[in-house]
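Colleague: Residue strings, one per chain:
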Amino acid sequence: MNKTINLTLKVWRQKSRDEKGRFETYPAQGISTDMSFLEMLDVVNEKLTVEGKEPIAFEHDCREGICGSCGSMVNGRAHGPLKGTSLCQLHMRHFKNGDTLVIEPWRARAFPVIKDLVVDRSALDRIIQAGGFISVNTGSAPEANSLPVPPLSAEKAMDAAACIGCGACVAACPNASAMLFVSAKVSQFALLPQGRPEADRRALGMVRAMDACGFGNCSNHRECENACPKEVSIVNIARLNREYLHAGFVSHER
Amino acid sequence: MRLDAKIPAGPLPQKWDRHRFETKLVNPANKRKYSIIVVGTGLAGASASASLAELGYDVKTFCIHDSPRRAHSIAAQGGINAAKNYPNDGDSIWRLFYDTVKGGDFRAREANVYRLAQVSNAIIDQCVAQGIPFAREYGGLLANRSFGGAQLSRTFYARGQTGQQLLLGAYSAMMRQAAAGKVHLYPRREMLDLVVADGQARGIVARNLLTGEIERHAGHAVLLCTGGYGNVYFLSTNAKACNASATFRAYRRGAAFANPCFTQIHPTCIPVHGTYQSKLTLMSESLRNDGRVWVPKTPGDKRRPTEIPEAERDYFLERKYPSFGNLVPRDVASRNSKEQCDQGKGVGETGLAVYLDFADAIRRDGRATIAKKYGNLFQMYDKITGEDPYTTPMMIYPAVHYTMGGLWVDYNLMSTIDGLFVLGEANFSDHGANRLGASALMQGLADGYFVIPATIGGYLAGTRFADVETGHAAFADAERQVSERITRLLSVSGSRTVDDFHRRLGLIMWDHCGMSRTNAGLAEARTLIRELRTEFWKEVRVPGSASDFNQSLEKAGRVADFMEFAELMVIDALARQESCGGHFNEAFQTEENEARRDDQNFCHVAAWEFTGEESDPRLHKEPLSFENVQLTQRSYK
Ligand SMILES: Cc1cc2nc3c(=O)[nH]c(=O)nc-3n(C[C@H](O)[C@H](O)[C@H](O)COP(=O)(O)OP(=O)(O)OC[C@H]3O[C@@H](n4cnc5c(N)ncnc54)[C@H](O)[C@@H]3O)c2cc1C
Ligand code: FES
Numbered sequence: 000m001n002k003t004i005n006l007t008l009k010v011w012r013q014k015s016r017d018e019k020g021r022f023e024t025y026p027a028q029g030i031s032t033d034m035s036f037l038e039m040l041d042v043v044n045e046k047l048t049v050e051g052k053e054p055i056a057f058e059h060d061c062r063e064g065i066c067g068s069c070g071s072m073v074n075g076r077a078h079g080p081l082k083g084t085s086l087c088q089l090h091m092r093h094f095k096n097g098d099t100l101v102i103e104p105w106r107a108r109a110f111p112v113i114k115d116l117v118v119d120r121s122a123l124d125r126i127i128q129a130g131g132f133i134s135v136n137t138g139s140a141p142e143a144n145s146l147p148v149p150p151l152s153a154e155k156a157m158d159a160a161a162c163i164g165c166g167a168c169v170a171a172c173p174n175a176s177a178m179l180f181v182s183a184k185v186s187q188f189a190l191l192p193q194g195r196p197e198a199d200r201r202a203l204g205m206v207r208a209m210d211a212c213g214f215g216n217c218s219n220h221r222e223c224e225n226a227c228p229k230e231v232s233i234v235n236i237a238r239l240n241r242e243y244l245h246a247g248f249v250s251h252e253r
Numbered sequence: 000m001r002l003d004a005k006i007p008a009g010p011l012p013q014k015w016d017r018h019r020f021e022t023k024l025v026n027p028a029n030k031r032k033y034s035i036i037v038v039g040t041g042l043a044g045a046s047a048s049a050s051l052a053e054l055g056y057d058v059k060t061f062c063i064h065d066s067p068r069r070a071h072s073i074a075a076q077g078g079i080n081a082a083k084n085y086p087n088d089g090d091s092i093w094r095l096f097y098d099t100v101k102g103g104d105f106r107a108r109e110a111n112v113y114r115l116a117q118v119s120n121a122i123i124d125q126c127v128a129q130g131i132p133f134a135r136e137y138g139g140l141l142a143n144r145s146f147g148g149a150q151l152s153r154t155f156y157a158r159g160q161t162g163q164q165l166l167l168g169a170y171s172a173m174m175r176q177a178a179a180g181k182v183h184l185y186p187r188r189e190m191l192d193l194v195v196a197d198g199q200a201r202g203i204v205a206r207n208l209l210t211g212e213i214e215r216h217a218g219h220a221v222l223l224c225t226g227g228y229g230n231v232y233f234l235s236t237n238a239k240a241c242n243a244s245a246t247f248r249a250y251r252r253g254a255a256f257a258n259p260c261f262t263q264i265h266p267t268c269i270p271v272h273g274t275y276q277s278k279l280t281l282m283s284e285s286l287r288n289d290g291r292v293w294v295p296k297t298p299g300d301k302r303r304p305t306e307i308p309e310a311e312r313d314y315f316l317e318r319k320y321p322s323f324g325n326l327v328p329r330d331v332a333s334r335n336s337k338e339q340c341d342q343g344k345g346v347g348e349t350g351l352a353v354y355l356d357f358a359d360a361i362r363r364d365g366r367a368t369i370a371k372k373y374g375n376l377f378q379m380y381d382k383i384t385g386e387d388p389y390t391t392p393m394m395i396y397p398a399v400h401y402t403m404g405g406l407w408v409d410y411n412l413m414s415t416i417d418g419l420f421v422l423g424e425a426n427f428s429d430h431g432a433n434r435l436g437a438s439a440l441m442q443g444l445a446d447g448y449f450v451i452p453a454t455i456g457g458y459l460a461g462t463r464f465a466d467v468e469t470g471h472a473a474f475a476d477a478e479r480q481v482s483e484r485i486t487r488l489l490s491v492s493g494s495r496t497v498d499d500f501h502r503r504l505g506l507i508m509w510d511h512c513g514m515s516r517t518n519a520g521l522a523e524a525r526t527l528i529r530e531l532r533t534e535f536w537k538e539v540r541v542p543g544s545a546s547d548f549n550q551s552l553e554k555a556g557r558v559a560d561f562m563e564f565a566e567l568m569v570i571d572a573l574a575r576q577e578s579c580g581g582h583f584n585e586a587f588q589t590e591e592n593e594a595r596r597d598d599q600n601f602c603h604v605a606a607w608e609f610t611g612e613e614s615d616p617r618l619h620k621e622p623l624s625f626e627n628v629q630l631t632q633r634s635y636k
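Respectively, the protein sequence lines represent chains A and B.
The first sequence maps to residues 0 to 253 in numbering that gives the first Met the number 0.
The second sequence maps to residues 0 to 636 in numbering that gives the first Met the number 0.
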C-alpha cells in the first residue's frame, strides 16, 4: 500500500574526472514506498533543478534491470541492500522512515569517475573485444538444429550469459577484479559446442585484457557474487580458471 | 518528392533472389574505400555494423550509451519468430508472411514482409552459431513457443531475456570487427543532425556527451538504426533514452516520415500506480501462452481475486475470440481490456487493470514448469509490485510499447534522401498498422544481417560521389544550427523542468492520440501541443553548461523534438479517416467494436514531407497493392 517516508541522502558530487569530489547532504521528503530508487533520485533532482542547482548525474536507461546502465554504492553495498536486484529495481519499500543513505559511485582504478555517480566502464568493452565472441561471419552459419546442445549446457550457458555488464562485481571486490564478468562470458561459450574451437584463445585473450585494463586479481572474497544483480555464480570463475590453465599449458595460443 | 518503392518485378517468392541478382556489386577490393556511418547499436545497428565490416566496408558506429551493449533492444523479453516449422505444426514462409500482413491489418508492403519471412530462418542459424543460449528440448534441439496473432509455435526464446541475448550476439560480432579495426566505435555520441550535400546523405553532426564537443563525421552513406519514438508519450515500456531526434532531424532534412500515427499499445504491462512514475514495465506477451485474462462479471466487484468464484469471472478474450483466445493480436487485446475497464469492471486500486491468472497453468503443469518458463518475469513483477504472481493473479494494463511508423524507405531500405538508409524500428516498412509479437527482433536482425549488406552495394556502386569532407559548407551549416539550438535551450532559464513538460506532452498524447482516438480529440490535441511548445520555449529550465556531461541538456533536446514530432503524429491520425490495427478512430468501428478499415480510400502508406516550421507538412501516398493476399476484415474469432 502506498506510504511515504522521509530520508536523508549523502551523495558523492564530483564535477569531472580531474576535480576533487565531496559528499553533499540532501533531504528526500515524502518519498512513496512504491517508487524505485531511481524515481526517488528523480524527485530529488527535480527539486534541485527548480532551485537552480545542478541535478545529481547518474546513469540509467531501461529501468528494468537488464541494460546494466545503473548502479551505485548505497551504504557501502553495490546496488543497495537487496540481493539479486539492480538499483533501478530496488524499491523504496525496503527502506525505513528516517534512514540515511550514503550514495557513491563505483570505486575502481579501471572505472574513473566521470561525474557524480557516473563512471567510465569502457574497460569492459575492451575485454569483450579481446575474445568475447565466436568468430562466425554473417551468412556462414550451419542450419540451427544441426548441432544439438544438451539442455543442461544451454541452461548453464544462459545462467552465465545473464550478466548485464553493470560492473557491480568490480565495485564490490576488495581488489576491484573483473573476474566474475570475464568468467561469465568465457563460461557461456565454454559450455556450448559452438564456443569450443576458440576456447583457449578466448580465455587467454580476455584475461590478458583484464589485466591490461588495470583490474585487480581474484582472491576468493566472493563479494562479486553477492553483489551481482543477476546472481551470476562464482562457479564461473572456477571454470574460467580451468579454461585459463588448460589454455596456458597445452594450447598453441600461448 | 516522389515515392518509388522499387519493388522488384516477378512472383513474390522470387523477388528477393532476383533483386539480389540484379543489384550491382562493389568489388571486394573497393569496399574499404567506402565509409559507412551507422547510428545506433541496437539489433539493427549492431548487426549491420558487424556484417558490413565483415564485407570489408569501413564502418563508423555511434550510440548514445556508454557501451553499445546497452541499446534498448537489450530489454526485449519474449522471443523472435522464424518460419522453421520445427514443431511440424504447419508453418511455412508463406504462413509467417500471411500472419504478419494480416496482423498488420493490411497496411504493410507484401514484398517487404515476404522477404522478412524468407530471411527469418537464416537469422536463427546465425544466432545459434554465435552461441546464443536459446531454450532447448530434452533432445538438445531448439524449443519454440507461441505468440499473439499466430495459431502455431514459431517463437524462439532465451528465457525472458531474448533481446538481451540476441543483442549481445550482434554486439559481440561487432566488437570482433572493432578489434580488427574495421568498425570504429563512437559511444556516448548523440546525432543531432544529418548532413545532406548535393542531395546525398554524407554525414552527421553529433554531440560528444562527455565533453559537449560538437563533432562532424563524413561518410558515403548514413544508416539510421535509432529505434522507435514511443517515449513521446513519456510513460512507455521503452528505455529512457529512446527518442525521435535522429529520425525527426532527418525528416526535417527531407526524409519522408511514414505513418507516424501507427503506435502499438501493448496489452500486458504493469499498471500505472503513481504520478512520480518514470516508466512502465512490460510483462512479456509470452505470458499469454499460459496466463488467462479475466475481470469480475459484476462492475465494481472489490473482492480479492481468489475470492471470486469461477462462475463470476469473465474470461473475456476466450469468450469473444474462441479460436485465438488469450493469444489475439496486441491491438485487439488492448482495446478489449480498456473496454472492460471503461465498463467499470477494471480491478486494483485504480480500476485500470485486468487480471492475468496462472492458477490453472500451475495446477496443470506444476509450479516448477511455470517457473522455468517465466521465472524472471514473475520475479520482476514481484519486485515492482510487492505481490507474488504464483499465488495471486498479476494485474496488467495496456501501455505504449512500439511504433510501427518511421522513416519511409524503399525495398532497399533507402529513405527519400539518397544514401540515407533506415533500419529496425526506425523505419516503417514491415508491420503495417500493428506489429505481431516477436517480429521486431526478427525485423531488426533481418535488416542488419541480411538486407542492408545486399542492398547498400547497389547504391554505392551506382552512385558518383563528389569529394565531401567535414570542411564542406553543408557540415558547417548543420553544426551552426545545432549549436544555436543548444544555446537557445540553455538560455531560456525558466522555472519548469524538462520532465515536467515531457509528462504533460505524454498525457496529451495518451488521452487524445492513444488507444482510441476521435476527430475532435485529435484537433484539440493539436492546439494543446502547440500551446505546450510555446510554453516550453519560454518556461523550460535546463541547468548546467553546453561544454560538459549534461544529462538535462540531452533530455531537453529530445523533448523539444518530441514536441514538434507529436504534432505530426496527430496530423497523420487526423488524415487517416479509418481505423486499422493500432490506429482506432471511434467513428470507424464494426458493430462488434473492431477496427473498420476503409480500403477504398486508405489502402496506402501516408508519407509526410517537411515543408518548414510554419507550414503544414505535405502528404504523399504510396498505394499498397495486394496481389497475393485477400483483404478481409481481420477475424480472430
Ligand atoms: C520491454 C520491451 C520488450 C520487447 N520485447 C520484444 C520481443 O520479445 N520480441 C520482439 O520481437 N520485439 C520486442 N520488443 C521490441 C524490440 O525490442 C524493438 O523494437 C527493437 O529492439 C528495436 O531495435 P532497434 O535496433 O531498431 O533499436 P534500439 O534497440 O532502440 O536501438 C537504438 C539505438 O540507437 C541509438 N540512438 C538513438 N538515437 C540516437 C542518436 N540521436 N544519436 C546516436 N545514437 C542514437 C541508441 O543509443 C541505440 O543504440 C520489445 C520492446 C520493449 C520495449
Ligand atoms: S537502468 Fe537498466 S539495469 Fe538499471
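Quick caveat, the hints were computed from the structure, so don't treat them as lab data.
Careful, some of the hints might be misleading.
As the list claims (entries may be wrong) - Computed cross-link-like contacts, BS3-like style, restricted to lysine-lysine with a CA-CA straight-line distance of at most 25 Å: (1) K301(B) to K14(A); (2) K82(A) to K371(B); (3) K46(A) to K95(A); (4) K554(B) to K46(A); (5) K46(A) to K14(A); (6) K52(A) to K636(B); (7) K239(B) to K14(A); (8) K2(A) to K371(B); (9) K46(A) to K537(B).
Colleague: Could you run down the list of hints and mark each one as holding or not?
Modeller: Hints versus structure:
1. K301(B) to K14(A): 52 Å, violated
2. K82(A) to K371(B): It holds: about 20 Å lies between the C-alpha atoms, which stays within 25 Å.
3. K46(A) to K95(A): 22 Å, holds
4. K554(B) to K46(A): 16 Å, holds
5. K46(A) to K14(A): 19 Å, holds
6. K52(A) to K636(B): Distance ~58 Å between K52(A) and K636(B) Cα, so the pair is violated.
7. K239(B) to K14(A): 23 Å, holds
8. K2(A) to K371(B): 34 Å, violated
9. K46(A) to K537(B): It holds: about 19 Å lies between the C-alpha atoms, which stays within 25 Å.
In summary, the structure is inconsistent with hints 1, 6, 8 from the numbered list given earlier, while agreeing with the others.
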